[in-house]
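Sequence lines, in order, name chains A and B. This note's numbering applies: residue 1 is where the first sequence begins, and numbers increase by one. This note's numbering applies: residue 1001 is where the second sequence begins, and numbers increase by one.
Any given hint could turn out to be false.
[As the list claims (entries may be wrong)] Calculated pairs, EDC-like style, for lysine to aspartate or glutamate (alpha carbon to alpha carbon, straight line, at most 20 Å):
#1 A:Lys37 - B:Glu1085
#2 B:Lys1078 - B:Asp1062
#3 A:Lys37 - B:Glu1044
No lab work stands behind these hints: they were computed from the structure. Predicted model, so just to flag it, every value in this text is computed and none were measured.
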Amino acid sequence: DQQVKQNSPSLSVQEGRISILNCDYTNSMFDYFLWYKKYPAEGPTFLISISSIKDKNEDGRFTVFLNKSAKHLSLHIVPSQPGDSAVYFCGSSGSARQLTFGSGTQLTVLP
Amino acid sequence: EPEVTQTPSHQVTQMGQEVILRCVPISNHLYFYWYRQILGQKVEFLVSFYNNEISEKSEIFDDQFSVERPDGSNFTLKIRSTKLEDSAMYFCASTEERNTGELFFGEGSRLTVL
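Using the sequences provided together with the hints, build the complete structure.
This is how it looks when you write it as structure tokens:
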């Protein structure tokens, strides 16, 4: 039962362009949706979140969009930088405060 | 900046042996977690811990697993009798008491079961 799905295992983008990472979820009871970034041999690092009552949250180069009717979440990174190359996990959080992660998308930003 | 620290960074053990992974969460945090990531797979929730007891656990967290916080600082994950399929990266995380899902993860402990 995959409650959070990331259907693209990888994405390559040219430096300076926009990166769009996508995520779908099935459980409408989640309170928060989050994006985490993970480098090899490191733990996931929180990037940005959005409450289920909002449809957009922006933090610098990172914007998260939430489409509740489609149960779809996306992360936009603009402009993309080579240092953004990492695995990005979307996650969802409910009353139990535990995170349910998607399978991740490897973003490669080409110089 | 405060951080979650984990030891050991890498442990190799024989199948059937007991393993203890240790974590020092951020000092003012109240909720503690263990997650694991098998190579090439997603990060999976194992267990959450609050007020000195387990609050949630996943199907993965069977009787071979246990957690405790014996001294108010260390948060440990014990695997009683390791199996080959326990080989994974184990991440500890902690958070303050709020329902945002923003967890602070340690760098992980790699467990290799031979």
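message = For each hint given before, does the structure comply? Return the numbers of the non-compliant ones in rising order.
response = 1
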